[in-house]
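Engineer: All chains, full assembly: derive it from the sequences and hints.
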Amino acid sequence: MSEKILMKGNEAIATAAVRCGCDGYFGYPITPQSEILETLVEFNPETTNGMVVLQAESETAAINMLYGGAACGKRVMTSSSSPGISLMTEGISYIAGAELPCIIVNVMRGGPGLGTIQPGQADYFQTVKGGGHGDYRVIALAPASVQEMNDFVELGFELAFKYRNPVMIITDGVIGQMMEKVELSPVRPRLSEAEIAQYYGDWATTGKPPHRNRNVVTSLDLDPCKQEQFNIKLQTKYRTMEQTETRYEAYMCHDAEYLLVAYGLSARVCQKAVELARNAGLKVGLIRPITLFPYPYEAIERMLPQIKGILAVEMSAGQMVEDVSIAVKGKAPIYFHGRTGGMLPSPEDVFKLVEHIACGTFDQAGVAGINKLLIR
Amino acid sequence: MDLSAINNETNKVYGKSKLLFDKVMHFCPGCSHGTIHKLIAETVEELGIQEHTIGVSPVGCAVLAYDYIDIDWQEAAHGRAPALATATKRLLPDKYVFTYQGDGDLASIGTGEIIHACNRGENITVIFVNNAIYGMTGGQMAPTTLDGMKTSTTPAGRSHITSGFPMKIADMLALLPGVAYVTRQSVDTPAAVRKAKKAMIKAFKSQELKRGTSFIEFVATCPSGWKMTPVEANRWMRENMFQTFPPGDIKDLI
Amino acid sequence: MRGSIDVSIDLCKGCAVCIAACPTGVIALSSAVNGKGYNYAAAVNPDKCTGCTNCAIVCPDAVITVYRTKV
Numbered sequence: 059m060s061e062k063i064l065m066k067g068n069e070a071i072a073t074a075a076v077r078c079g080c081d082g083y084f085g086y087p088i089t090p091q092s093e094i095l096e097t098l099v100e101f102n103p104e105t106t107n108g109m110v111v112l113q114a115e116s117e118t119a120a121i122n123m124l125y126g127g128a129a130c131g132k133r134v135m136t137s138s139s140s141p142g143i144s145l146m147t148e149g150i151s152y153i154a155g156a157e158l159p160c161i162i163v164n165v166m167r168g169g170p171g172l173g174t175i176q177p178g179q180a181d182y183f184q185t186v187k188g189g190g191h192g193d194y195r196v197i198a199l200a201p202a203s204v205q206e207m208n209d210f211v212e213l214g215f216e217l218a219f220k221y222r223n224p225v226m227i228i229t230d231g232v233i234g235q236m237m238e239k240v241e242l243s244p245v246r247p248r249l250s251e252a253e254i255a256q257y258y259g260d261w262a263t264t265g266k267p268p269h270r271n272r273n274v275v276t277s278l279d280l281d282p283c284k285q286e287q288f289n290i291k292l293q294t295k296y297r298t299m300e301q302t303e304t305r306y307e308a309y310m311c312h313d314a315e316y317l318l319v320a321y322g323l324s325a326r327v328c329q330k331a332v333e334l335a336r337n338a339g340l341k342v343g344l345i346r347p348i349t350l351f352p353y354p355y356e357a358i359e360r361m362l363p364q365i366k367g368i369l370a371v372e373m374s375a376g377q378m379v380e381d382v383s384i385a386v387k388g389k390a391p392i393y394f395h396g397r398t399g400g401m402l403p404s405p406e407d408v409f410k411l412v413e414h415i416a417c418g419t420f421d422q423a424g425v426a427g428i429n430k431l432l433i434r
Numbered sequence: 433m434d435l436s437a438i439n440n441e442t443n444k445v446y447g448k449s450k451l452l453f454d455k456v457m458h459f460c461p462g463c464s465h466g467t468i469h470k471l472i473a474e475t476v477e478e479l480g481i482q483e484h485t486i487g488v489s490p491v492g493c494a495v496l497a498y499d500y501i502d503i504d505w506q507e508a509a510h511g512r513a514p515a516l517a518t519a520t521k522r523l524l525p526d527k528y529v530f531t532y533q534g535d536g537d538l539a540s541i542g543t544g545e546i547i548h549a550c551n552r553g554e555n556i557t558v559i560f561v562n563n564a565i566y567g568m569t570g571g572q573m574a575p576t577t578l579d580g581m582k583t584s585t586t587p588a589g590r591s592h593i594t595s596g597f598p599m600k601i602a603d604m605l606a607l608l609p610g611v612a613y614v615t616r617q618s619v620d621t622p623a624a625v626r627k628a629k630k631a632m633i634k635a636f637k638s639q640e641l642k643r644g645t646s647f648i649e650f651v652a653t654c655p656s657g658w659k660m661t662p663v664e665a666n667r668w669m670r671e672n673m674f675q676t677f678p679p680g681d682i683k684d685l686i
Numbered sequence: 017m018r019g020s021i022d023v024s025i026d027l028c029k030g031c032a033v034c035i036a037a038c039p040t041g042v043i044a045l046s047s048a049v050n051g052k053g054y055n056y057a058a059a060v061n062p063d064k065c066t067g068c069t070n071c072a073i074v075c076p077d078a079v080i081t082v083y084r085t086k087v
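Protein chains in written order, with this note's numbering: chain A, 59 to 434; chain B, 433 to 686; chain C, 17 to 87.
Hints listed in this document are in silico derivations from the structure and should not be mistaken for laboratory results. No residue lacks a Cβ here, since even glycine has one placed at the ideal position from N, Cα and C. One or more hints might be untrue.
[Said to hold, decoys possible] Short, incomplete list of chain B residues facing chain C, as computed with Cβ under 8 Å: (1) Val445; (2) Tyr446; (3) Leu452; (4) Phe459; (5) Pro461; (6) Gly466; (7) Lys470; (8) Val619; (9) Pro622; (10) Met660; (11) Val663; (12) Asn666; (13) Gly680.
Structural biologist: Structure follows, in structure tokens:
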């Protein structure tokens, strides 16, 4: 019998971490995600299941604790919000370069700079187009409900270890703070050191037993030929992710003539907008990318023959919409609606914009925010 | 007497540690790093803890420490070794975990990480190699560069008026209650090396006692960066470095 | 006591730290060079060696092995 509990998105992340056998959490407080650390501490994990929960002195230290913990073959996680993630990008690059598994949660807030503590989605580029230095990618999971905040922790660890790659759960202050009913993940025991040695002993630094060579976790190779070969190997891994791990949700798309594309909270807003439009007789559908990397280009591309116009909706000045345009390749007009600074899009505004797109009067919609036509 | 009669395993009184690979170390001739690497290998071998030791190497001249000593290693970002070691020790509390860091790594870019790891009393050993200069990048000023000392970024000599004073990070860390053992050693003479070896064994063994952080500063030479022969560098170190960084125990709660 | 040293010539970098550490003047840099172009350490007065290990202990590259026996 599964348990259903009413909880906040941030609490769901923390609860899922404990239940799915996370070995270590290292984090630094920042609004709007501090409940993750607070919830974990409330579990008193050091005395209950032995999980390590540590408040680091900075995000820089937290991500490097993650690096050390992941190098030991442990399931480790951190969480932060936009400015903190900026501080972590150095470490994320090292972790990706050293091919280590871990989960990094970004409960996004509006930027740039200190910006606002209100929600945002303006870290899309940072998450999926690099962020740190070098050619690396992180798998980015974008939950749109508290249930998915819970589910993506287990999924995140599964993918992180499958590919030995960092996974980011990229969400926003609304999803983090709102309360919904959650079906909790089953409780999994943490792996013992013997099990870790058995599963990950060929790479994890757990102390060198006589029967194997020493393990070295590093992102350094001074030999250009070897470094290039390593980069080619990484790229091959990323292509495999693109082929096998792309996830999205299609809503009312079967007969859609107009397509909304949005993730996270914006997708929930758009789902309501689809309902408003359908009630008004407009055939509107929604593609919700669940993985931001790898991005569901093909899901959008397949829709194009039936589509008269696409509207991407984000809490940013227009970031994910660039991936929409890669999918569309100029074959359909792409419009953009973005709210920034902590302001949220509304179903009414999105519906109104779709109506105007259908009438060819997008620029007369009079909707607040950043509205633009990307490709005619 | 025929020497070949002496040169056999029975009469061997000193040889390379089994934990040191045969690979030639990339360090310049006479560099203290080599001797300190040797001490780590000997310590781990003598304590019989190869299977239970995890090292964290820095960014700087010692970045490739993992190429020379046969234990599991993690290679950290610049200055972040104490953060890696913190998580490693917390998650594997029965292992011996140490960081190996230079003066730029530990006392400049990584001050936050080392101070907080020590303040939490992380039960790790920190090996801090202070040669008062950035060796890897070509001899720039370090936080521990002596007042008046010439480097490529202080060609007229470091001036405390513009660049501050040589940072006595070991003395600073000794103030923290989480730190159990702080000692300053050198490897310029046979006596100094023997003493340093005892300090290193003590520092590693203190992890078993779970008393808190053990910290060994090595006042070291950088003959290339200082533009001296190795023997001159050792003499210069004794005559100049030891005034600011005198060898000896600074704190001992073990 | 009678000592003897064995220098791994190809690994020696000729830093001469061992020469300063030897109390009996056993070691000097050879006039010949090794494969890396260094004048390597050599026991030029082998009869004076007591096997005290000082040279090997200070050697940064662990190239010296020391043997000792009673005579």
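Engineer: Against this structure, judge whether each hint is valid.
Structural biologist: Each hint, compared with the structure:
Proximity of valine 445 (chain B) to chain C holds as hinted, the smallest CB-CB distance being about 5 Å (cut-off 8 Å). Among the interface hints, the one on tyrosine 446 (chain B) holds; its C-beta lies about 4 Å from the nearest C-beta in chain C, closer than the 8 Å criterion. The beta carbon of leucine 452 (chain B) comes within 6 Å of a beta carbon in chain C, closer than 8 Å, and the hint placing it at the interface holds. Hint status for phenylalanine 459 (chain B) relative to chain C: holds, with the closest Cβ pair at about 7 Å, below 8 Å.
Because the smallest distance between the Cβ of proline 461 (chain B) and any Cβ of chain C comes to about 4 Å, under 8 Å, the interface hint for this residue holds. The restraint placing glycine 466 (chain B) at the interface with chain C holds, with a minimum CB-CB distance near 3 Å, inside the 8 Å limit. The criterion of a C-beta within 8 Å of any C-beta in chain C is met by lysine 470 (chain B), whose closest approach is roughly 5 Å, and the hint holds. Taken as an interface hint, valine 619 (chain B) checks out: its beta carbon lies about 7 Å from the nearest beta carbon of chain C, inside 8 Å.
The beta carbon of proline 622 (chain B) comes within 4 Å of a beta carbon in chain C, closer than 8 Å, and the hint placing it at the interface holds. Contact between methionine 660 (chain B) and chain C, as hinted, is not supported at the beta carbon level, the nearest pair being about 11 Å apart and thus beyond 8 Å. Hint on valine 663 (chain B) holds. Least Cβ distance to chain C is approximately 5 Å, under the 8 Å limit. For asparagine 666 (chain B), the interface hint holds, since its Cβ comes within 8 Å of a Cβ in chain C; the closest pair sits about 7 Å apart.
Taken as an interface hint, glycine 680 (chain B) does not check out: its beta carbon lies about 20 Å from the nearest beta carbon of chain C, beyond 8 Å.
Violation of the numbered hints given earlier is confined to hints 10 and 13; the remaining hints are satisfied by the structure.
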